[in-house]
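S.K.: Here is how the chains run, residue by residue.
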Amino acid sequence: MGTFRDEGVVLRTIKLGEADRIVTFVTPEHGKVRAVAKGIRRPKSKLVGRLEPLTHVTMMCWKGRELDVVTQAEVLDHFRGIRDDLDRMPAAFTMLETVDHLAVERQPMPALFKTLVGALRVLEERASPVLLGAFLLKALTLEGIGPVVASCASCDEDAPLVAFDAHSGGFLCRSCRSGQAVSAETVRLVRQILGGELRAALAAPPSRATAEVERLATSATEYHLDRRLRSAHLSSGFG
Amino acid sequence: MLAGPIQELVDELGRLPGVGPKSAQRIAFHLLEAPKDEALRLAASIAKVKEQIRLCSRCFNVAETEICSICADPRRDPAVICVVEDPRDIVSVEKTREFHGTYHVLGGALNPIDGVGPEQLRVRDLLNRLGNDHDHKIAEIILCTNPNLEGEATAMYLARLLSPLGLRVTRIASGLPVGGDLEYADELTLGRALAGRHEMAG
Ligand SMILES: [Zn+2]
Ligand SMILES: [Zn+2]
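So the sequences go chain by chain: A and B. Under the numbering used here, the first residue of the first sequence carries the number 1, and numbering increases by one thereafter. Under the numbering used here, the first residue of the second sequence carries the number 1, and numbering increases by one thereafter.
Keep in mind that the hints were calculated from the coordinates and are not lab data. Here a beta-carbon is modelled for each residue, glycine too, at the ideal position from N, C-alpha and C. Possibly wrong hints are sitting among the right ones.
As the list claims (entries may be wrong) - Restricting the straight-line Cα-Cα distance to at most 25 Å, the calculated cross-link-like pairs of lysine-lysine (PhoX-like) are:
| no. | chain 1 | residue 1 | chain 2 | residue 2 |
| --- | --- | --- | --- | --- |
| 1 | A | K32 | A | K63 |
| 2 | B | K22 | A | K63 |
| 3 | A | K15 | B | K22 |
| 4 | A | K38 | B | K22 |
| 5 | B | K95 | A | K44 |
| 6 | A | K15 | A | K44 |
| 7 | A | K15 | A | K46 |
| 8 | A | K15 | A | K63 |
| 9 | A | K46 | A | K32 |
| 10 | A | K32 | A | K114 |
| 11 | A | K63 | A | K46 |
| 12 | B | K95 | A | K15 |
| 13 | A | K63 | A | K38 |
| 14 | A | K15 | A | K38 |
| 15 | A | K114 | A | K63 |
Claimed, not checked - Derived DEER-like restraints, expressed as beta-carbon distance ranges:
| no. | chain 1 | residue 1 | chain 2 | residue 2 | range |
| --- | --- | --- | --- | --- | --- |
| 16 | B | R15 | A | D156 | 53 to 61 Å |
| 17 | A | Q72 | B | A159 | 33 to 41 Å |
| 18 | A | G64 | B | A39 | 51 to 59 Å |
| 19 | A | L142 | B | A173 | 37 to 45 Å |
| 20 | A | H167 | B | L32 | 35 to 43 Å |
| 21 | A | R106 | B | V62 | 40 to 48 Å |
Let the sequences and hints guide you as you build the complete structure.
M.R.: Printed below as a string of structure tokens:
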């Protein structure tokens, strides 16, 4: 019991009763937090506008048995550049949905939190075609379920990699190939993303390879979460 | 454990939005102890809405007839359509007495995380209304979705879809609540209020 203070990114909210909402956050120190924001649907509430999805906050909560209660929230970033741009919003929704499924209540996850905030900041600055794919691959890697990229995921040969199959755990050589066919450029981009050259990867102009990266990252995420990412399939410019 | 019929009532009440198990039990016992005609009046009005209320075939507001009372009112301007998420939003806009056009109810807002895309909303019906304009040229669409992430995304999506059609597309202004303190305003609201400032004659 008692109170705690943490940073958080609001992942989603649902209405509760007459004027409240249940707000789901991801936080560095407390993992996923589900907390009631009392009176937040009333225009004069001091929480209104501060706990919308896609908001980075510092907050104070009362620890409850099932649900916590948000008592204070200060906004660190509203990501207005994403919020006001229909073309950037789909990637942000997919990131929030993924983190909602990866994060576990009361289990600290500072690295995943930092990766999410970092990715949202990049998205706010510019629309990189590999950003969403890079975020998903990084998030999976942090969870210890990232794809095998150094050699063939099936036979471990150091042969040219020509396909990606989430079921096999990564890229595959010509003799083991299954799943999605990929170009050498796609393999190179994924190696950059996971090998500490993220900045270079993010600068890549839109191409068949950048589209392939997003597709394989989405399929790897869905395979590990064992569910479809709803936002990823509605995303393409909201159909 | 309660007697069968009362437990059944508690369970039914507990399915209503905002009614927890404790409240459900309190309401059920209230109804049990209330005069019979009072309780039956409630039952009858529930039956009546389910039998008599349907959605307006033009705007999807709740209606007692094929066309709702607003669409059927000759004093309302059919050239201006106010797009809202939910029929309850019509009630709120009507209370302002500022709007004399007609409505279109989307039935929700874009919410990719919950799987709500344009196909799940009455977007096509809106486009059909614009194509088949009941002898009236539609001049303006007012986007009156909620000022939250989902509502703003919906408004941006509709603005992109509608603006090539050569009609005026407007978004309701975002601002501070009357009687509120600037000191307590959140940054997003205050930022939008500043961006949407207007000239003031002295
Ligand atoms: Zn192989
Ligand atoms: Zn109508």
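S.K.: For the pair supplied as a hint, K32 of chain A and K63 of chain A, confirm whether the alpha-carbon distance does not exceed 25 Å.
M.R.: With Cα atoms ~13 Å apart, K32 of chain A and K63 of chain A stay inside 25 Å; holds.
S.K.: Against the range 51 to 59 Å, how does the distance between the Cβ atoms of G64 of chain A and A39 of chain B compare: consistent or not?
M.R.: 36 Å, violated
S.K.: Regarding the pair K15 of chain A and K63 of chain A, is the alpha-carbon distance no greater than 25 Å?
M.R.: OK: K15 of chain A and K63 of chain A at ~20 Å, within 25 Å.
S.K.: Within a Cα-Cα threshold of 25 Å, do K95 of chain B and K44 of chain A meet the stated pairing?
M.R.: With Cα atoms ~19 Å apart, K95 of chain B and K44 of chain A stay inside 25 Å; holds.
S.K.: For K15 of chain A and K46 of chain A, compute the direct alpha-carbon distance and say whether it is at most 25 Å.
M.R.: 17 Å, holds
S.K.: The hint says 40 to 48 Å between R106 of chain A and V62 of chain B; measuring C-beta to C-beta, is that right?
M.R.: 44 Å, holds
S.K.: Does K46 of chain A pair with K32 of chain A here, judged by a C-alpha cut-off of 25 Å?
M.R.: 23 Å, holds
S.K.: CA of K63 of chain A to CA of K38 of chain A, is that 25 Å or under?
M.R.: 14 Å, holds
S.K.: Please test the hint of 37 to 45 Å on the beta carbon pair from L142 of chain A and A173 of chain B.
M.R.: 42 Å, holds
S.K.: Next pair to validate is K38 of chain A with K22 of chain B; report whether the Cα-Cα distance is within 25 Å.
M.R.: 19 Å, holds
S.K.: Between the alpha carbons of K22 of chain B and K63 of chain A, is the straight-line distance 25 Å or under?
M.R.: Holds - the C-alpha atoms of K63 of chain A and K22 of chain B are around 23 Å apart, at most 25 Å.
S.K.: Regarding the pair K63 of chain A and K46 of chain A, is the alpha-carbon distance no greater than 25 Å?
M.R.: 20 Å, holds
The earlier numbered hints that this structure contradicts are 18 and 20.
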